[in-house]
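Trainee: Protein chains in written order, with numbering that gives the first Met the number 0: chain A, 0 to 397; chain B, 0 to 397.
These aren't lab readings, by the way, just hints derived from the structure by calculation. What you are looking at is a predicted structure, and each value in this text was computed from that prediction instead of being measured. From the three backbone atoms N, C-alpha and C, an ideal C-beta is built for every residue, glycine too. Any given hint could turn out to be false.
Not the full set, but computed from the structure, chain A residues with beta-carbon under 8 Å of chain B [unchecked claim]:
| no. | residue |
| --- | --- |
| 1 | Met50 |
| 2 | Gln63 |
| 3 | Gly364 |
There are 2 protein chains.
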Amino acid sequence: MNYKFSYFLNEMKPSEIRELLKMASTPGLISLGGGMPNPGTFPSAVLKQIMDNLIETRSAQVFQYANTLGVQETLDIIPGYLEKTQGFKCTPQNVILNSGSQQGLYELGKVLADPGDTIITEEPTYVGAISAFNANALKMVGIEMDDEGMKTDVLESRIKSLIKAGTKPSFIYTIPTFQNPTGFTMSLERRKHILELSNSYDIPLIEDNPYGELRYYGNKVPPIKSLKGGDGVLYLGTFSKVMTPGLRLGYTIAPTEVISKFNLIKQALDLATNTFSQYVAYEYIKQGSIYKQVALNIEMYRKKRDIMVNALEEEFRDGSTWSKPDGGMFVWLTVAGNVDTKQMVGEAIKNGVAYISGQAFSTTGGQKRSMRLNFTYGDDEQLKEGIRRLSKTFIKKN
Amino acid sequence: MNYKFSYFLNEMKPSEIRELLKMASTPGLISLGGGMPNPGTFPSAVLKQIMDNLIETRSAQVFQYANTLGVQETLDIIPGYLEKTQGFKCTPQNVILNSGSQQGLYELGKVLADPGDTIITEEPTYVGAISAFNANALKMVGIEMDDEGMKTDVLESRIKSLIKAGTKPSFIYTIPTFQNPTGFTMSLERRKHILELSNSYDIPLIEDNPYGELRYYGNKVPPIKSLKGGDGVLYLGTFSKVMTPGLRLGYTIAPTEVISKFNLIKQALDLATNTFSQYVAYEYIKQGSIYKQVALNIEMYRKKRDIMVNALEEEFRDGSTWSKPDGGMFVWLTVAGNVDTKQMVGEAIKNGVAYISGQAFSTTGGQKRSMRLNFTYGDDEQLKEGIRRLSKTFIKKN
Chain A
0 MNYKFSYFLN EMKPSEIREL LKMASTPGLI SLGGGMPNPG TFPSAVLKQI MDNLIETRSA
60 QVFQYANTLG VQETLDIIPG YLEKTQGFKC TPQNVILNSG SQQGLYELGK VLADPGDTII
120 TEEPTYVGAI SAFNANALKM VGIEMDDEGM KTDVLESRIK SLIKAGTKPS FIYTIPTFQN
180 PTGFTMSLER RKHILELSNS YDIPLIEDNP YGELRYYGNK VPPIKSLKGG DGVLYLGTFS
240 KVMTPGLRLG YTIAPTEVIS KFNLIKQALD LATNTFSQYV AYEYIKQGSI YKQVALNIEM
300 YRKKRDIMVN ALEEEFRDGS TWSKPDGGMF VWLTVAGNVD TKQMVGEAIK NGVAYISGQA
360 FSTTGGQKRS MRLNFTYGDD EQLKEGIRRL SKTFIKKN
Chain B
0 MNYKFSYFLN EMKPSEIREL LKMASTPGLI SLGGGMPNPG TFPSAVLKQI MDNLIETRSA
60 QVFQYANTLG VQETLDIIPG YLEKTQGFKC TPQNVILNSG SQQGLYELGK VLADPGDTII
120 TEEPTYVGAI SAFNANALKM VGIEMDDEGM KTDVLESRIK SLIKAGTKPS FIYTIPTFQN
180 PTGFTMSLER RKHILELSNS YDIPLIEDNP YGELRYYGNK VPPIKSLKGG DGVLYLGTFS
240 KVMTPGLRLG YTIAPTEVIS KFNLIKQALD LATNTFSQYV AYEYIKQGSI YKQVALNIEM
300 YRKKRDIMVN ALEEEFRDGS TWSKPDGGMF VWLTVAGNVD TKQMVGEAIK NGVAYISGQA
360 FSTTGGQKRS MRLNFTYGDD EQLKEGIRRL SKTFIKKN
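Next comes chain A alone, as it looks inside the complex:
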C-alpha cells in the first residue's frame, strides 16, 4: 500500500526531547534533557485516598464520558483556584479542560489561525508549541529575549513591519514566567507593554503559564491576564507540575466566544478529557492538598535549582553564560566559543550526560551555542555530576 501523507507532516520533525527521554533509560546516563517533574513531588498517598473515595462513592460518574468542555465540578472550581494563585477573575464559562496543556496549544493553532498564517512567539520558545504550530502549518516569527523576557520594543517594530507588509499576525504566544527553555521572567513593565500592543493592534495574546506556581526566589510578577486590560488574554494552565503529568490535565481560560470554538474542535480531537483525572483534580483542589503539595515542591526544587546554578559557577569559568531562574524547571546555558551543541550531543552522551540543544527551541534553526538543562528531575548528586560531565564535554574543546 502506498500511503499519501499529509503535507502538514513535512513541517514537523521528530522531537529531540522524545529521543532523549528514551536515552534517559541508558544505564548511568544522567539526563538533564527531559522536562519531567521529580517523582518525589507526586502526591501519591493523597491521590490514592481521593481515587478510592471517588470509586466507592461516584463510580457511575467518574468512569463515564464527560462533557467536551469538562466535568462541571472541575470547571466550577478552577476560577477560585486561579483567583487565589494568579489574581485574576474568570467564570466557569471561560474554562475548557484539556488532555494536557499541549492539547490547548494545538487547539490554539487550529482555532485562531489558518494554515499559512503568521504568528509571533519568543525566540527561543517551547518545543511543544513549535510542534503544535507546525502541525497547523503556521509561520512563526520569533522575538529575541533577554533576562527580562521578550523584548517588547523589538516586538512592536516587528508588528509594524509585518502589518506594513500585509501580514497581520494571528496571535502572540508568550510564556512570560520562568520561560521554557530559558528560565527568564518577563518584567512587569514589558508585561504592560505587550498587553498594550495586543490591545491596540487587535492581536490576541496567549499567556502560557505552566510553571507560575513554582517560584523559589523574588517577588511574584503578576500574570499578564491579571493586569488592567487583560480580560481578552487567553491563559493556559496545567496540573502537570502541581499534581502529576501522567494524569494529563490542563486548561485554557478564554472569552466565551473562543471557548465555544475550542469546544467544537475538541469534539473532533478526543471527544472529552479523561473524566477520572478531572474528578481527581477537583478533589485535590477542594481538599486544599494542592497548596500543601506545591509548598513542598517549591522547597525541593529551590534546592535543586541552587545545586545546578552553583555547579555551573564552579565548572564553567570559561566565559559561558547561563540563566539564574527564580522558578520553574530550566536553566539555559550558552557555551563560550564557536560550538554547535546539537553536534556535541553524541560526545556528551559518551561522557554520560544528556541535554536538549538550543536548536530544538528555535523558530529559525538558531540558538546553536545554547542548551536547555532541567534541574527538577535528577537527584541532587546527579545534578552536580551532570554539570561536571558537561564541563568535561565542552570546556576541553575551547
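Given the coordinates of chain A, assemble chain B onto it according to the supplied hints.
Mentor: For chain B alone, kept in the frame of chain A given last:
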C-alpha cells in the same frame, strides 16, 4: 478583541449528541440518544484494586509522562489481546495508544489526507468520524448500506467514477461490525470484496471496531484485518466499551511507517496518552479481568437489546422498520411516512424521550426519516417506556 477563526471551523457543526447528553439530565427524560455504556458494566472493584496496587508499587512511573506511542507494557500486551479476540497478528511496533479512539480518527484524517481530499465512508456513519474528517476539511463520499453492511458493488463503481474524474480517494473508512449508527454487520463476502478493492486500487482501508467484543447473537464474522491480504488494513480499537470510557483509552494498529507519522502528530496533539489509564488497562488485560467483564456486559446488553427490539415490534406496527443488531449498542429506526426526525426532536422531548436524528450521521444531510436509538445506557423499564413515548410521538402523526 476581534478573533479570526480558522476556516476549518466552518465545516463543523456543534454535535447534536453533546446537546442531547446535556438534556439527558432533564428530570424524567428518557434519553436513547447518547452512546454511553451502562455504568453497571464498569468494573469498579477490579479497577480500585488495580489502582491501589499501582500507586503502592509504581507511583514514580504511573504518574509520570509516558512515551508518545504509549507505555511499553501496554503496547506489548495489545497484540496478544487482539490475536485472542480478533484473530489477527501484529507486533508492539504496530501499535499506538490514543486518548480514546476519537483521537485515532482525528489522526487518520490529519495524517493520511490533505485538506480538500476525498475519502469514502458508509452512509450513514459515526458522527464523531464526520466531526474528525470535517475538522481536517475532507470531503466525504458516503456509500449506502443494507443489513449486510456497506454495498461494496456500489463502492466499486464509485471508486471507478472518482478515479475517472481524477479524484482518487485518500482512504476508505468502515465500521463493519455492529455499525454506529445502524447496528448492521458487513457480511464475510463483502468484507472480502472491500479488502480486494482496497488492495487493487491501492486505497488504504480503515476498520473501526469499537463494538467487536460485544456480540449477543449469531456467529462471529472475522475482522477484515484478519482476512488474507489484510496486513495493510488500519484497525482502530478502544477500551471504552470493555473497561470504561472515562479513562479515555483507544489504539490504532497500522504498518510501522504509518505509526511513525501518528507518533509525530500525536506529539503535537497532546504529547502522550494518560499514563495511569494505560497501566490500568495493562493490568486489566494481564489479570484476565477484561474477559470476565466482557462476558457480563454481553449478558446485560443482550437482554436490553431484546427489550428494545421487542418494544419496537409491539409499538411500531405502522410500517416503520428497524435494525435487529447482533451486537453493539444501537438500533436504527426508520419511521414510516414523510417525517423529519430532526424536526420532531422537540416534540419527542415534550413526550419525555430523546434520540439522535439520522441527519447527524449523514454525509449528505439525508437520513431524515431515521434515528439512532441506544439500548445500553437505560435501565430495562426505561427502554420499554422510551419506545412507548417514541410511538406516541410518531405514530399519531402518520
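Trainee: Would you mind marking each hint as holding or not holding in the structure?
Mentor: Each hint tested on the structure:
{"no.": "1", "hint": "Met50", "in the structure": "holds (6 Å)"}
{"no.": "2", "hint": "Gln63", "in the structure": "holds (5 Å)"}
{"no.": "3", "hint": "Gly364", "in the structure": "violated (19 Å)"}
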